[in-house]
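Using the hints, position chain S against chain Y.
Protein chains in written order, with our numbering: chain Y, 1 to 255; chain S, 1 to 293.
Please keep in mind that the hints were generated in silico from the structure rather than gathered at the bench.
Fair warning: there could be bad hints in the mix.
Unchecked claim - One side of the interface only, derived from the structure: several residues of chain Y facing chain S at Cβ under 10 Å: (1) Asn26; (2) Tyr88; (3) Asp93; (4) Thr98; (5) Pro99; (6) Val100; (7) Ile102; (8) Thr164; (9) Ser166; (10) Arg251; (11) Leu253.
Claimed, not checked - Here are the simulated lysine to aspartate or glutamate pairs, EDC-like style, with alpha carbons at most 16 Å apart: (12) S/Lys107 to S/Asp81; (13) Y/Lys90 to S/Asp6; (14) S/Lys99 to S/Glu117; (15) S/Lys99 to S/Glu116; (16) Y/Lys90 to S/Glu75; (17) Y/Lys90 to S/Asp124; (18) S/Lys46 to S/Asp6; (19) S/Lys131 to S/Glu143; (20) S/Lys99 to Y/Asp17; (21) S/Lys131 to S/Glu75.
Claimed, not checked - Now the stretches of chain S that chain Y is said to cover, found in silico as 3 or more residues with beta-carbon under 8 Å: (22) 34-47; (23) 67-76; (24) 85-93.
Keep in mind that this is a model prediction, so the values were computed, not measured.
We treat Cβ as the ideally placed atom computed from N, Cα and C, and that holds for glycine.
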Amino acid sequence: MVEITGRVWSVWRRNWDAFLRTYRVNFIPPFVEPVLYLLALGFGLGTYIEAVDGIPYPVFIAPALVSISVMYSAFFECTYSSFVRMYYQKTFDAIIATPVGIDEVIAGEMLWGATRGMIYAALMLPVLIIFNVVAMPSSLLLIPFAFLAGLLFAGIAMCFTAITPSIDALNYPSFLFITPMFLFSGTFFPLDLLPEPIQYFALAALPLTHVVSVNRAITLAAFSPINLLNLAWIAAATVIFFVLAIRLMRRRLII
Amino acid sequence: MKRFGDLVAVDRIDFRVREGEVFGFLGPNGAGKTTTMKMIQCISPKSGGTLEVFGMDVDTHRRQIKSRLGVVPQENNLDPDFSAYRNLLVYARYFGIPKREAEQRAKDLLAFMQLEEKRDVLIDNLSGGMKRRLIIARALVNEPELLILDEPTIGLDPQARHLIWEKLRSLRAEGNTLVLTTHYLDEAERLCDRLVIMDHGKILVEGAPADLIREHAGVDVVEVERTEKVVARLEELGLNYDLAGDVVQVFTERPNDVARELLEVCRHEAAVTVRPATLEDVFLRLTGRSLRE
Numbered sequence: 001m002v003e004i005t006g007r008v009w010s011v012w013r014r015n016w017d018a019f020l021r022t023y024r025v026n027f028i029p030p031f032v033e034p035v036l037y038l039l040a041l042g043f044g045l046g047t048y049i050e051a052v053d054g055i056p057y058p059v060f061i062a063p064a065l066v067s068i069s070v071m072y073s074a075f076f077e078c079t080y081s082s083f084v085r086m087y088y089q090k091t092f093d094a095i096i097a098t099p100v101g102i103d104e105v106i107a108g109e110m111l112w113g114a115t116r117g118m119i120y121a122a123l124m125l126p127v128l129i130i131f132n133v134v135a136m137p138s139s140l141l142l143i144p145f146a147f148l149a150g151l152l153f154a155g156i157a158m159c160f161t162a163i164t165p166s167i168d169a170l171n172y173p174s175f176l177f178i179t180p181m182f183l184f185s186g187t188f189f190p191l192d193l194l195p196e197p198i199q200y201f202a203l204a205a206l207p208l209t210h211v212v213s214v215n216r217a218i219t220l221a222a223f224s225p226i227n228l229l230n231l232a233w234i235a236a237a238t239v240i241f242f243v244l245a246i247r248l249m250r251r252r253l254i255i
Numbered sequence: 001m002k003r004f005g006d007l008v009a010v011d012r013i014d015f016r017v018r019e020g021e022v023f024g025f026l027g028p029n030g031a032g033k034t035t036t037m038k039m040i041q042c043i044s045p046k047s048g049g050t051l052e053v054f055g056m057d058v059d060t061h062r063r064q065i066k067s068r069l070g071v072v073p074q075e076n077n078l079d080p081d082f083s084a085y086r087n088l089l090v091y092a093r094y095f096g097i098p099k100r101e102a103e104q105r106a107k108d109l110l111a112f113m114q115l116e117e118k119r120d121v122l123i124d125n126l127s128g129g130m131k132r133r134l135i136i137a138r139a140l141v142n143e144p145e146l147l148i149l150d151e152p153t154i155g156l157d158p159q160a161r162h163l164i165w166e167k168l169r170s171l172r173a174e175g176n177t178l179v180l181t182t183h184y185l186d187e188a189e190r191l192c193d194r195l196v197i198m199d200h201g202k203i204l205v206e207g208a209p210a211d212l213i214r215e216h217a218g219v220d221v222v223e224v225e226r227t228e229k230v231v232a233r234l235e236e237l238g239l240n241y242d243l244a245g246d247v248v249q250v251f252t253e254r255p256n257d258v259a260r261e262l263l264e265v266c267r268h269e270a271a272v273t274v275r276p277a278t279l280e281d282v283f284l285r286l287t288g289r290s291l292r293e
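With the rest of the complex left out, here is chain Y (with noise of 0.2 Å):
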């Protein structure tokens, strides 16, 4: 179905090896990120929400935010970030020149996603553990599932990437799917305010409301068995994702 070797982790080191070259810029949002929200609306505009579902509004916004930088940096790497390689660099010609084939490099572009939304996470874990808003230990496992979470975008992403005229067009899912997202996912309001039918609609179609939902409880250290059905849904949908990410991409690179 798709071929990939270890040859995968040569075009996952030259996406790290590009990323640290820059490193002072990366670093930045995920450290400024958290702290603006958590001023402006966990502090700011929280102080006229008491609590919700009896959790501190900076406390259940917590977890949001990890999910949001996760999807934000997976999503746009395996987009724009992409895209450029893709098309104005050459770099994926430049690389299947050599005995790496095509779906390797689309896999590492997606791992290297994956790993972008994981470095993040971790680079805000501390600022939420400063603001005490997040439980220890538990909180720890957000870094290894934003790995996950954050495949699953880069997939998304990459099928995008894959079917886009151009970089321009990039902009309609960013609008339409991924900036939805960020507000209907259960991001800053409990699901259950929204209409019935937009809840059932949030839990199948956007992929945030299973990623907000696991992170969560990770922050808060309250397991409940829904999380197993938002990990089987994230986990299938990785699949998915990834899998048709390589064809699309196929069908786009070989001709």
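Same frame as chain Y, now just chain S:
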């Protein structure tokens, strides 16, 4: 053979490259040269026929073939995120070359391509000629048995071209096999042991440059301004001639006799030039003078 929908880009061509030679593909834009190169590199699957590289089928032994090839693509695709040196190291990693060895080879190759001073310079800050040299260095990083070069000196100034030719000749002298495409005919004449001229996906002729010139253009060319008198005289003499814009070209083995005749006709009013025939004459005679888009 390669089809894109209804278009047959490469139409049942037949060629064989010998070990240790420089083999050229010439042709106008759209002749099918680059497509042929991509099929040899196992990155564009063929639509039919057989194609073997190192005696292995391109459909079933992609990785094995690619690990022994060096590729200089037509478009620069160096990695702009890295310096010249790191470009070579990152590329070596795709071949699974151990780090130590890769570092040594990268150093040697930068020296060979006279890029040592540019070692830590980012790609965007290199000149066109330097980028091209670095791409050749990159193509050599896996010590390939066959080097494929698609338009190796496209868009370069004469100095940069000569340096690249010199390097390619020294690679040949070391016993490397080179396959190149070009539409610079002087380049083909200088570098290639044998070549084919392609047009519309087909091979028109194959042979050594000197043989092709003798066969298809003769030894010398006499050029003279095109007038009715000149054309009439050539008809009288029964000589073979080509009309190229406002110039008449006569391909002949007796250039001095022809030149004398023509000088008489135009009473020394127009210039008559005698020059050796070149590959360009062969090329234009075979592929025509109409412009290709």
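* Count the residues of the stretch 34-47 of chain S with a beta-carbon closer than 8 Å to any beta-carbon of chain Y: does the count reach three? -> holds (count 4)
* Measuring from the C-beta of Y/Thr164 to each C-beta in chain S, is the shortest one below 10 Å? -> violated (20 Å)
* Taking 10 Å as the limit, does the beta-carbon of Y/Thr98 come near enough to a beta-carbon in chain S? -> holds (4 Å)
* Given the proposed pairing of S/Lys107 with S/Asp81, does the C-alpha separation stay at or below 16 Å? -> The given pair, whose Cα atoms are some 19 Å apart, is violated under the 16 Å limit.
* Mind checking the CB of Y/Asn26 against every CB in chain S and telling me if the closest is under 10 Å? => Given a least distance of 12 Å, the restraint on Y/Asn26 is violated.
* Asked: Has the given pair, S/Lys131 with S/Glu75, been kept, meaning a C-alpha gap of at most 16 Å?
  -> holds (11 Å)
* Quick one, is the Y/Val100 hint okay against chain S at 10 Å, beta carbons? -> This hint holds: Y/Val100 lies near chain S, its Cβ roughly 5 Å from the closest one there, short of 10 Å.
* Starting from S/Lys131, check that the Cα of S/Glu143 is at most 16 Å away, please. => violated (19 Å)
* Asked: Has the given pair, Y/Lys90 with S/Asp6, been kept, meaning a C-alpha gap of at most 16 Å?
  -> violated (27 Å)
* **Interface restraint verdict for Y/Tyr88 against chain S (beta-carbon cut-off 10 Å)** => holds (9 Å)
* Can we keep the Y/Ser166 interface hint, with Cβ of chain S closer than 10 Å? -> Because about 18 Å separates Y/Ser166 from the closest Cβ in chain S, which is outside the 10 Å limit, the hint is violated.
* Asked: For the stretch 85-93 of chain S, does the count of residues with a C-beta closer than 8 Å to a C-beta of chain Y reach 3?
  -> holds (count 4)
Hint violations for this structure: numbers 1, 8, 9, 10, 12, 13, 14, 15, 19, all remaining hints satisfied.
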